[in-house]
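Trainee: Required output: the full structure, derived from the provided sequences and hints.
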Amino acid sequence: MEETVEVKRHTIFYRICHWSIVITGIILALTGMQMGGLYGIKILDGQVLATHITVSFIFGAFWFLMFY
66 MEETVEVKRH
76 TIFYRICHWS
86 IVITGIILAL
96 TGMQMGGLYG
106 IKILDGQVLA
116 THITVSFIFG
126 AFWFLMFY
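Whatever position you read off the sequence shown (first residue = 1), add 65 for the working numbering.
Heads up, a few of these hints could be off.
[Unchecked claim] Here are the simulated lysine to any residue pairs, SDA-like style, with alpha carbons at most 20 Å apart:
hint : residue 1 : residue 2
1    : K73       : W84
2    : K107      : F132
3    : K73       : F132
4    : K107      : I91
5    : K107      : V120
6    : K107      : H117
7    : K107      : I92
8    : K107      : T89
9    : K107      : T119
10   : K107      : L95
11   : K73       : H83
12   : K73       : M131
13   : K107      : G97
14   : K107      : S121
15   : K107      : L93
16   : K107      : M131
17   : K107      : A94
18   : K107      : I118
Please keep in mind that the hints were generated in silico from the structure rather than gathered at the bench.
Mentor: This is the structure in structure tokens:
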């Protein structure tokens with residue numbers, strides 16, 4: 066006896082927020098490691114702190130939008 070189950074997917078808005086959080090989180094991790102001098106990571110030349118702070122605000126905004 067086979068039973069059919071309907072799967073309800075998240076909305077496109079939720080999925081976009083999720084992947085935006087993932088991408089900005091990766092950028093934050095990489096710029097943070099560059100600022101801290103960890104593992105010799107260098108992805109940006111100059112303005113790393115400004116980029117890190119800007120991306121952190123974007124990261125926070127997506128978190129807010131996702132759970133609002």
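Trainee: Hints numbered earlier in the text: which of these fail when held up against the supplied structure?
Mentor: Hints 2 and 16 are the ones this structure does not satisfy, whereas the remaining hints hold.
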